[in-house]
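Colleague: Sequential numbering from 1 applies to the sequence shown in the working numbering.
Hint data in this document are derived by calculation from the structure and do not stem from the laboratory.
Quick reminder that beta carbons are idealized off the backbone N, C-alpha and C, glycines included.
Some clues are possibly wrong.
Unchecked claim - Quick list of the computed label-pair ranges, beta carbon to beta carbon:
hint: 1; residue 1: 83; residue 2: 125; range: 15 to 25 Å
hint: 2; residue 1: 66; residue 2: 246; range: 33 to 43 Å
hint: 3; residue 1: 33; residue 2: 246; range: 46 to 56 Å
hint: 4; residue 1: 131; residue 2: 94; range: 21 to 31 Å
hint: 5; residue 1: 186; residue 2: 39; range: 33 to 43 Å
hint: 6; residue 1: 68; residue 2: 252; range: 22 to 32 Å
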Amino acid sequence: MAPRPRTYHHTKTRAAVTAQLQNLRAAVEALGEEQFGLPTGVDGRTVSELVAATAETVALVDRYLEQPAPPAREITATEWPSTTRPAAGEPAAETAAAAATDPRAPLGRAASRFAELTAVAPADRLLATPFGAMRLDDFLVTRCVELVVHTDDLATALGVEIPYDRQALATATRLLADALAARAPGGSVEVRIPPFAVVQCVEGPRHTRGTPPNVVETDPLTWIRLAAGRIEWSDAVERASVTASGERADISAQLPLLG
Numbered sequence: 001m002a003p004r005p006r007t008y009h010h011t012k013t014r015a016a017v018t019a020q021l022q023n024l025r026a027a028v029e030a031l032g033e034e035q036f037g038l039p040t041g042v043d044g045r046t047v048s049e050l051v052a053a054t055a056e057t058v059a060l061v062d063r064y065l066e067q068p069a070p071p072a073r074e075i076t077a078t079e080w081p082s083t084t085r086p087a088a089g090e091p092a093a094e095t096a097a098a099a100a101t102d103p104r105a106p107l108g109r110a111a112s113r114f115a116e117l118t119a120v121a122p123a124d125r126l127l128a129t130p131f132g133a134m135r136l137d138d139f140l141v142t143r144c145v146e147l148v149v150h151t152d153d154l155a156t157a158l159g160v161e162i163p164y165d166r167q168a169l170a171t172a173t174r175l176l177a178d179a180l181a182a183r184a185p186g187g188s189v190e191v192r193i194p195p196f197a198v199v200q201c202v203e204g205p206r207h208t209r210g211t212p213p214n215v216v217e218t219d220p221l222t223w224i225r226l227a228a229g230r231i232e233w234s235d236a237v238e239r240a241s242v243t244a245s246g247e248r249a250d251i252s253a254q255l256p257l258l259g
């Protein structure tokens with residue numbers, strides 16, 4: 001039997017997006033002009049370009065809410081990771097223009113519109129996204145993933161620490177764990193990402209009691225990097241960022257989850 005889909009609290013998710021946007025904006029505001037030209041290693045983008053692309057992932061809420069609602073839901077948050085990848089595509093013209101004038105501006109514009117529109121839009125409002133019609137509350141969960149992934153990308157590129165809102169990090173971790181369980185359904189492997197998520201996956205004998213025979217355990221940021229394809233499974237295991245015990249515990253064939 002497939003696990004019951006996880007539900008996400010719409011107000012908490014909206015607050016998590018807002019908080020992580022603020023963390024990112026504060027970090028970007030502190031950058032020197034020369035830092036915006038540094039490479040990030042993400043799709044050949046500079047820091048300035050990745051900041052603009054990240055702002056666009058939030059600005060999409062505005063753009064999709066301006067469009068007519070589609071007739072029926074086609075995709076859930078759990079299905080989303082298999083349809084896309086972080087920062088796919090280029091920023092819209094207005095975001096690109098704002099970034100060209102001031103690389104800090106797009107995040108501020110996105111945050112302002114996000115706060116204004118999501119305060120009144122209902123959680124079940126359907127959005128016509130390129131990967132299928134999705135409820136607003138589900139789409140905001142995917143924005144947490146985008147923001148957390150790109151916060152990590154920018155922190156790595158700049159060599160600085162950028163705080164993670166706890167709810168944003170938890171939401172991103174749980175969604176990507178659920179996506180793994182959906183991609184490789186089963187009960188032979190238990191994946192633990194304390195303190196936020198535990199899922200069972202991979203076909204085979206189902207564990208019912210005692211210590212599971214196949215266990216994967218890692219921390220939230222390592223899990224997000226694995227799921228986003230930022231690090232390789234073998235490297236994470238070698239560095240002991242991941243522990244994997246049991247003959248079925250190698251889940252590298254299911255990674256990355258995004259894309």
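Colleague: Now, for every hint given, state plainly whether the structure supports it.
Modeller: Okay, the hints, checked on the actual structure:
For the hinted restraint 15 to 25 Å between residue 83 and residue 125, the CB-CB distance of approximately 20 Å keeps it satisfied. A beta carbon spacing of about 49 Å between residue 66 and residue 246 contradicts the range 33 to 43 Å that was offered as a hint. Under the hint 46 to 56 Å, the C-beta atoms of residue 33 and residue 246, about 51 Å apart, fit the expected range. Distance hint for residue 131 and residue 94: a CB-CB separation of about 22 Å, consistent with the stated range 21 to 31 Å.
Range check, residue 186 to residue 39: about 40 Å between beta-carbon atoms, so the 33 to 43 Å window is met. Checked against the hint of 22 to 32 Å, the pair residue 68 and residue 252 fails, with Cβ atoms roughly 42 Å apart.
Checked against the numbered hints above, the structure violates hints 2 and 6; every other hint is satisfied.
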